[in-house]
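Taken in sequence, the protein lines are chains Z and B. For the first sequence, counting from 1, position 303 maps to 303 in the working numbering; every step adds exactly one. In the working numbering, each residue carries its 1-based index in the second sequence increased by 1000.
Hints were generated in silico from the structure; no laboratory data involved. Watch out, some of these pointers could steer you wrong.
[Said to hold, decoys possible] In silico PhoX-like links for lysine-lysine, alpha-carbon gap of 25 Å or less:
#: 1; chain 1: B; residue 1: K1140; chain 2: Z; residue 2: K166
#: 2; chain 1: B; residue 1: K1164; chain 2: B; residue 2: K1140
#: 3; chain 1: B; residue 1: K1140; chain 2: Z; residue 2: K294
#: 4; chain 1: Z; residue 1: K166; chain 2: B; residue 2: K1118
#: 5; chain 1: B; residue 1: K1115; chain 2: B; residue 2: K1192
#: 6; chain 1: Z; residue 1: K166; chain 2: B; residue 2: K1115
#: 7; chain 1: Z; residue 1: K294; chain 2: B; residue 2: K1188
#: 8; chain 1: B; residue 1: K1075; chain 2: B; residue 2: K1118
[Unchecked claim] Far from chain B, by Cβ distances over 12 Å, these chain Z residues were calculated:
#: 9; residue: V13
#: 10; residue: D76
#: 11; residue: D141
#: 12; residue: G170
#: 13; residue: C255
#: 14; residue: Q262
#: 15; residue: A310
[Said to hold, decoys possible] Rough simulated footprint, nothing fancy, chain Z against chain B, three-plus residues with beta-carbon under 8 Å:
#: 16; region: 1082–1088
#: 17; region: 1092–1098
#: 18; region: 1103–1113
Glycine residues also receive a C-beta, built at the ideal position from the N, C-alpha and C atoms.
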Amino acid sequence: MNIGALSFVIPGVGQFAVQTLFLGIQYLLAAITVWLVALPILLSGPLEGRIIALALLVSLHVGAGITAIAWKQRADGLEKNLAKAPRTYRLWSNVIAGLLVLLLVDLFARWLLSLPSWSAVASNLTFILIGKLRAPSNAEDLWRLWGFVPLMIGLVVGWNLFRAKKGLLGLVLGFVGVIIGTVILWPIINNQVLGGLAMSVMLALWGIVLALPLGMLVGIGRISEIPVVRISSTIWIELFRSIPFVAVIFWFYICLPYVLGQGTQLYAVVLALAIFTSSYIGEIVRAGLQSLPKGQTEASRSLGLSGSQAMIQVVLPQAIQNMIPPLVGQFISLFKDTSLTSIVSILELFGAGRSVANRLGNATFEIYLTIAVIYFIVNYSLSRLAASLEGAKAKER
Amino acid sequence: MTQANSTDPIIIAQDVHKYFGQFHALRGVNMTVQKGEVLVIVGPSGSGKSTFIRTINRLEAHQKGTIIVDGIELKEGSNLDAIRREVGMVFQSFNLFPHLTVLQNVTLAPMQVRKMPKDKANALGMELLERVGISEQAQKFPAQLSGGQQQRVAIARALAMQPKVMLFDEPTSALDPEMVGEVLDVMKTLAKSGMTMLCVTHEMGFAKAVANRVVFFDQGNIVEENTPEGFFNNPQHERTKMFLNQIRHA
Ligand SMILES: Nc1ncnc2c1ncn2[C@@H]1O[C@H](COP(=O)(O)OP(=O)(O)O)[C@@H](O)[C@H]1O
Ligand SMILES: [Mg+2]
């Protein structure tokens, strides 16, 4: 009879008997925790909770016993494979921990579902997604949401062509897509109509469309040999990187309508997003350009290429490779930053959510959880998409 | 050896000074190069050889003195792109464009600068690659070639602008020994075709075979000027003798 078998009865005791003290303490503590969590559920939990709890208790005792027996055999020299005992221990500790986590997740999910106000969230979900556009009075404009399709196709296809060294074609196609999409969307681009996720996407897309060329310009300008260009680009970048974004939004929101006229608050916000982001893109561009060896520019210039020809033909195509990952990061950042525009009462995703939460009063947690999940889904898909485009690109080479 | 036309200077440098901040890198260099002449520049590391030939296509600006290339003085405001078109340069580290194919490396400048149509540029490019012996690699990328092949592409690339002068800055010192010969052969052929060449190189064989003159640099100035035979067999200056001893025993 192997003395480790004691652990079948009380996990840890067998380990103590086999003199693997550390494992003994671990199993004893695990046993206390698992029993404390599992017993109440086993007695009065929901069906799937009881099943998981039972499996958890069984694997706790079986695992502790088998592990202790394995260590005993190793100590007695009956088992020549010294790796077997630690492997047994690892296997069972993973099984037990995994089941415990599963049980807790199940509990958490049940608690979430039991919250009283999900029906309120469900009935406000379209508001969170598209804002006041869902109102019956806007029904005839609903089709205009299709404008997002050419907008995004234009950007993705354009970007890919741009990357595939068909730069000009890519830029033109991307721009055409953005224009067609915007023409379709234009009548509903209005804080009184469009809102929620659709507004966030609109803000982010236009933000990046404007911020990219602007950022390129100040990024290249920052290393220009012409002092006026270099200094003004540097001021631009440093200024907007040093001011909190909320302040930039306020500033534009309040000042710009004096210049552009009333009713231009939304454009002011888009401009604020674009300019703020352009300062970060400028830094990404500068870093990308400076990561190239100096010999590339020197070789270009020695062939008689002008400064801008060297930039367009030689430096940029190589530097862009280095800029892609941080640019994707910046775009994700931009999408999250659009939430700050809710502070000047733009009803984008976060603003729409907050207004629903305030109106309902009793569904705050559910609403904000929903919003967080939406942000996560969008941003995670974006970074996956970028990674897979990169991967496809890398395979080509 | 090519017979240089001694009344037709293409490069005139007079009292050229160059500072890097406080550091006085060129100290009053005087040099006249005739059309068709092949000049070899030698000297210890840090003596200003690279700096000097880089002032000739103004990759470095000089602060004092005059440099006249093909009748155009190099100074603030002169048409640098026009001069650079006439002066080809080959670097120690090749500096090929890694994102372009070998052929595109050669055709980029003619198409961008001379606005040559694509098919004409391709024909010119293939002809030049033929001349340096790598036309069959035209569609590969630089990274797929050996060092010697890359340097020959770099020579073809510089020749594509049909320059009047070629500058070489230690074109073989980054190469494995077995690849040095193939690059020197291309350079010798070029020299014999009548090209004006300024070569920073310590390849004595090359200097003896094609150079009209050897110029010895030390501490930012020319210390000795001589024929190849005179320079290697019968150097005049102490510093030249010391230097030759060093490279012979290296
Ligand atoms: N960009 C630069 N900034 C500061 N010092 C430099 C620079 N380029 C070269 N130098 C200095 O000038 C001197 C001459 O350099 P270089 O012309 O490269 O010498 P060589 O080619 O003869 O080895 C060296 O002392 C070097 O350190
Ligand atoms: Mg050098």
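These are the hints, each one checked on the structure:
no.	hint	in the structure
1	B/K1140 x Z/K166	19 Å, holds
2	B/K1164 x B/K1140	29 Å, violated
3	B/K1140 x Z/K294	23 Å, holds
4	Z/K166 x B/K1118	16 Å, holds
5	B/K1115 x B/K1192	29 Å, violated
6	Z/K166 x B/K1115	20 Å, holds
7	Z/K294 x B/K1188	29 Å, violated
8	B/K1075 x B/K1118	34 Å, violated
9	V13	65 Å, holds
10	D76	61 Å, holds
11	D141	46 Å, holds
12	G170	16 Å, holds
13	C255	42 Å, holds
14	Q262	49 Å, holds
15	A310	9 Å, violated
16	1082–1088	holds (count 5)
17	1092–1098	holds (count 5)
18	1103–1113	holds (count 4)
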